[in-house]
Amino acid sequence: MFSLLWLAPTLPLAGFLILATVGARLPRRVNTALGVGSVGLAALVSLLLAAAWAAAPPGAYTQTLWTWLHVGTFAPGITFYLDPLALVMLLVVTGVGFLIHVYAAWYMQDDPSIRRFFAYMNLFVAMMVVLVLADNLPLLYLGWEGVGLCSYLLIGFWYREPGNVKAAMKAFLITRIGDTALIIGLFLLFAQLGTVQIQALLAAAPGLTPAAATWAAALLLGGAVGKSAQLPLQTWLPDAMAGPTPVSALIHAATMVTAGVYLIARMHGIFTQAPGVMTAVAVIGAVTMLMAACSALAQRDLKRVLAYSTMSQVGMMFMALGVGAWTAAIFHFMTHAFFKALLFLGAGVVIHALGGEQDVTKMGGLRKTLPGVYWALLIGALSLAGFPFVTAGFYSKDAILYLSWTAARGAPWLWALGWFTAFLTAVYAFRMIFLVFHGPAVQAHPVRDARVSVPLGILAVLSVIGGFVLLPRVLGGFAPFAAFLRPVLPEPPQRDGGIFEVVLLAASAVASLGGIGVAYLLFARRRTTSPDAGLARFWRQGWGFDALYDRLVVHPYLWLAQECRHDVVDAFYHGLADVCLMLNGWLSALQNGRVRWYAGALVAGAVLLLALLVWR
Amino acid sequence: MNIIFYLAAAVAIVATLLVVTRLNAVHALLYLIVSLLAVAVVFYTLGAPFVAALEVIIYAGAIMVLFVFVIMMLNLGPQATETERGWAEPELWFGPALLCGVLLGEVIYLILRMPTGTTLARVGTPEQVGVALYGPYLLGVELASLLLLAGLVGAYHLGRRAPHEEPGGGV
Amino acid sequence: MTWADLPALYPMLIPAATAVLLLLTLTVRRDARLAAGVAMAGFIAGLLALAASAAELSHPVTMLLTVDRFAVVFWGILLFAGLLVSVFAVGYFRTLREPREEFYLLWLLAVVGAMVMAASAHFAAFFLGLELLSVSLYVLIAYPRMQSRAVEAGVKYLILAGASSAFVLFGMALTYAATGTLTFAELFTHLTLFPGDVLLLGGVVMILVGVGFKLALVPFHFWTPDVYEGAPLPVTAAVATVSKGAAFALLTRLLLGVIQAQPGHSTLAVIFTLLALASMIVGNLLALAQGNLKRLLAYSSIANMGYALTAFIAGGDAARVAIPYFFAGYIVAVLAAFGVMTQLSTPEHELQEVEDYRGLAWRYPWSAALLTVALLSLAGIPLTAGFLGKFFVLTAGMAAGRWTLVVTLVLTSGLGLYYYLRVITALYQAPLEGEQPTPPPLHLPHRLSVLTGLALAVLAALLLLLGVYPSPVLHLLAWP
Amino acid sequence: MVPFAWIILVSILLFALGAIALITRRNAVAALMGVELMLNAANLNFVAAWRYYYPDHLDAQVAVLLVITIAAAEAAVGLAIILNLYRRFGTVDLDQIRLMRG
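For the record, the sequence lines run as chains L, G, E and P. If you read the first sequence in the working numbering, its first letter stands for residue 21, the second for the next number, and so on. If you read the second sequence in the working numbering, its first letter stands for residue -9, the second for the next number, and so on. If you read the third sequence in the working numbering, its first letter stands for residue 47, the second for the next number, and so on. If you read the fourth sequence in the working numbering, its first letter stands for residue 4, the second for the next number, and so on.
Keep in mind that the hints were calculated from the coordinates and are not lab data. Here the structure is a predicted model, which is why all the values come from computation and not from measurement. Fair warning: there could be bad hints in the mix.
Claimed, not checked - Listed next, the stretches of chain L that the computed footprint assigns to chain E, with coverage defined by at least 3 CB atoms under 8 Å from CB atoms of chain E:
| id | region |
| --- | --- |
| 1 | 599 to 607 |
| 2 | 612 to 623 |
To be verified - From the structure, some residues in chain P lie toward chain G, with a derived Cβ separation under 10 Å:
| id | residue |
| --- | --- |
| 3 | A8 |
| 4 | L61 |
| 5 | Q64 |
| 6 | L102 |
| 7 | G105 |
To be verified - Cβ pair distances, simulated, as ranges:
| id | chain 1 | residue 1 | chain 2 | residue 2 | range |
| --- | --- | --- | --- | --- | --- |
| 8 | G | G125 | L | V634 | 37 to 43 Å |
| 9 | L | P513 | E | Q306 | 58 to 64 Å |
| 10 | G | I47 | E | L522 | 46 to 52 Å |
| 11 | L | W178 | E | I90 | 48 to 54 Å |
| 12 | L | S133 | E | A507 | 25 to 31 Å |
| 13 | G | L7 | E | A507 | 57 to 63 Å |
| 14 | E | V514 | P | Q99 | 49 to 55 Å |
| 15 | E | E401 | L | W606 | 47 to 53 Å |
For every residue, glycine included, the Cβ atom is placed at its ideal position computed from N, Cα and C.
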């Protein structure tokens, strides 16, 4: 059964290849079926693998298709590695991916380039699966770059709008900074440990010197920060909403942006050797989550609310990783994938129903026209807000908050930041619900389509029940999820909870309910609109990071480039090019077409070699 | 014996020098033939009569006939008559004739000395060379025959008339 | 030579016999398609017969030839190239208003000559193979003899190749005078026993002039661009692949052992190093601003032979993998590039200028894609055959500590990237608005034959396969 | 007997003169003659080596024989190409035949 593993990346890849090559000759219907079907089959394969795992867990399963090269100890293979962590990721990527593909079949049905869309989407799923299943660093990097490429292509999918292309370029360049750090980190690890196999690396990690471990972990963190839109490389994510909504749901919410979380969890053995970097992870996560939550509160664009929310929730996962709560981070990754995909898909329907309107302040009263979407989004928002005891978001968020205080590496101030973020999250989630669905009604077209209702329904169900796999100890401690991941991800050492656990649980519930209450007061009863000035404006623009980078990096760089046009460094390169062209001219002049001259050169060459012989 | 070698070698070098310096292609060709004949004599003095014979028959004979033939063909043109008149000029035939005369004298001397000529080596008779060719060098002979086939087919293709010269097209 | 020797020689004897058979069929019926079919059948049968040869490894056949793993590998490469060039020729020569049958006959003989070179163990075999290849190529280059450029290329190749053959022959005579033997094995013994024998070294160096000519190493490279440009495209592909592959195989046979046995600063090693450095630098510099794609590929081939020579000089086990792998990748890429050009050209109207290819992707996306992959492979971009080839060469060079060569290779490859990308960009540039969609030469009523399409598809698959999944090929190539 | 060095000297001289003919002669036929001269010089070298050092081997004579065959084939094809050259360009002056350069 496990030998089917290779199909998981191959099926979407085959979909991509077929669509990219012969797709142009096939009808749209067939293209759509191919695009959705290939991911559906991959999801089926994942489910089969999961079933096989449940029946007889093998611990870990490795499948080598072939070895690319073999030079000394550098022997990267096309090898897939399946363990509980990879299996969870695989299920989410293909499962949620499939639902989003089904939805996209509706969303993109009138787009003339639907073939291109599904080709990119399939390639993305294939690359994401490669990234998740990679057994060695080069393969992981291949997947990492592959998803980056697809992200770039899909953000700029509607390339006739210059703004979209600009957003795509921005995302590509900023994540590139992180990617560069990552590849240097990978080289460093190979140089230090002499292998590129991830499991072998983790086994050898305790042998790293503290300095090497710190450098390696910091560089890996750089890659993760870029991909996951964390401080200070977070500015690309809101702009990435320029892509079609299914893209935002799949790439910029559920899967790719959490690749950083996966990377750190996968390489946790390196990070535990570098306590300083662990602290940095926690701090970056905590600060990002708070800042992004504030920004989400001030956004007017529906999709940007969700984008900042994603950034904030991923920040929470980073905080969890930073305190060593690996399982909690992955747990939150999973529930977040469910409810955030749900929210994005619902938002896509809303925007569609309003004919492309994305400003929440111009919406209202859609409860009547779009009842199904209302319930779906309400469930998503409840889960995001962490509505106590019934939603998945509550349990995953509570696990993180609890451990951020009680884990050995945790601290009360981390918990406080997390708690306040949870409160803000509830506020902005319900600000969105109240502004969009309550209040005076606006004109909208109702949407009825199985390709919408089925994915939304499934995701809504998952957003609720997805949390009952890891319950806190005071609620019975039913935790099959943690048990499942324990062979891969160790539990963090923690202080004993006792009654304290109940207090923290109650605090979480208060944050959620309080936030919803505040939102009700502010936005359902009064429909407060934030002013376009002061703090709100500052937050809306993402804490001014774009302007800051503009000042700090872009302008100086352009200035420098302007100034350097005539300076020494440039002159050197220009000179080099000129010298090359001059030599080219000289040598080309020797190719004068005269066969006698050629014969002379032949004889002269022979004489030269013979002279060399005698002279030596 | 030595003097014969030196003389023949001198003839070869002088004739070759003239191949380089004569401007007229026909002149050069005649001196080339002389040079080849002189080398054949050198082969003979070295005791390889079989090779010397082949040199004369194939090289100085067959191949050079091809050269002569082509040069003649190339001269077909307005200047053809001019060239015809040039054939009889003494500077054309005097040099080659002189060198050939020297070679001829040498050959006569060698033929006269023949009965006592013991310089012939123990191996190198035509039979022995033949046995070697069809023994260890059999593959080589086959390859040489393929080479001749290539030369034949190639010369045939390149040598046929151009299509526009013969409206019927092809051969 | 006995009957038992024959099976090992089948891959070579079958194309040779096919040539004779073709001659006989021509007397009965003149039909270009039939002739092409017979030639292809001959090449395919030869490839199949390789299995028989592979069973008889390290097999000396008389004193002239040795059929070992190395020979079999190169035979495979040469026969493959032979097959593809005949496929390309069918489509290319369809408009030639002259008999086309002799082309295939001569081409069979040329490949046989190349195969003899690759398997030779004796100077007589070496020289006969060299001449069989050369004489056939003279005619093949000038085959469309109504085209002035083809004839000019033929004459240039004739005179220069003739001179280089004379150098080889004189070198052989000198080595014979010094050693009294014509076999490679004894040459090796003498060279290792008396590394300072000037007569012997002089002979070897003069042989090198001839081999360097065939490989187009600087300073024996002058003929390359003119002959590439003037020769009909399938023959250009042949000169670039079969002739070079055979010459390098011969060089490896003749001197790899010597280079390995001698110290790194021996005269021969110094000479080879100079040739390699000059080829890499001059080849890449010449290609830099070249506007004619055929000439550009000619210059790039000079540089590529410099790279191959790097592996040769490095020697060692790494070179034994690097040389055949590099050649396999190089030949597949060159065949793909010339294959695409061939199927867009006729003898009367070849697409040669880079400008002719501007915007190709918008009319022939598949051709443009294959040409792109081929050029990327030549540039050595990862996941293509060329990358791994160059990677193995670099590994060999580093393992032997040939840092000058390695650094030069890396730096000049950077130059290479520039001119390959220049061509690739042209392929994808949108046709300028208001002008002709594409320059005039693409006027042919273009129908790709199934056979050509298949050949190009195979090349594309090989380019990627060799770049992504090298292990089975590596396994095949590693010779003891 | 004549010293071996003298014979080698003669053959080298002949070879060099052939090469010089190749470089200096503008007539394509004359250039081909240069090539023939060079081949012939090598033959002389072979025979001399056989006579002086290895009188028991047949290799050299066989080699000379094969070379003469090769020279014949090469001359036939070469002259046929030169004929075509004349047809296309109306001249056999190598210096005027340079459509391709650069």
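How the hints compare with the structure:
With 6 residues carrying a beta carbon less than 8 Å from a beta carbon of chain E, the region 599 to 607 of chain L meets the three-residue requirement, and the given coverage holds. Taking a C-beta to C-beta cut-off of 8 Å, the region 612 to 623 of chain L contributes 8 residues in contact with chain E, enough for the three needed, and the coverage statement holds. The interface hint given for P:A8 is broken, as the beta carbon of that residue sits about 12 Å from the closest beta carbon of chain G, more than 10 Å. Taking 10 Å as the C-beta contact cut-off toward chain G, the hint placing P:L61 at the interface holds, the least distance being around 4 Å.
Hint status for P:Q64 relative to chain G: holds, with the closest Cβ pair at about 5 Å, below 10 Å. Checking P:L102 against chain G by beta carbon gives a least distance of about 19 Å; that is not within 10 Å, so the hint is violated. Annotation: interface hint on P:G105 violated; nearest CB of chain G at approximately 27 Å, more than 10 Å. Separated by about 39 Å at the C-beta atoms, G:G125 and L:V634 satisfy the suggested range of 37 to 43 Å.
A hinted range of 58 to 64 Å for the beta carbons of L:P513 and E:Q306 is consistent with their spacing of about 59 Å. Take G:I47 and E:L522: their Cβ atoms lie about 49 Å apart, and the range 46 to 52 Å holds. Restraint check, L:W178 to E:I90: a C-beta distance of roughly 51 Å satisfies the suggested window 48 to 54 Å. Taking 25 to 31 Å as the suggested C-beta distance range, the pair L:S133 and E:A507 conforms, at roughly 28 Å.
A hinted range of 57 to 63 Å for the beta carbons of G:L7 and E:A507 is consistent with their spacing of about 60 Å. Roughly 51 Å separates the CB atoms of E:V514 and P:Q99, a value that falls within the hinted 49 to 55 Å. The beta-carbon spacing between E:E401 and L:W606, approximately 24 Å, falls outside the hinted interval of 47 to 53 Å.
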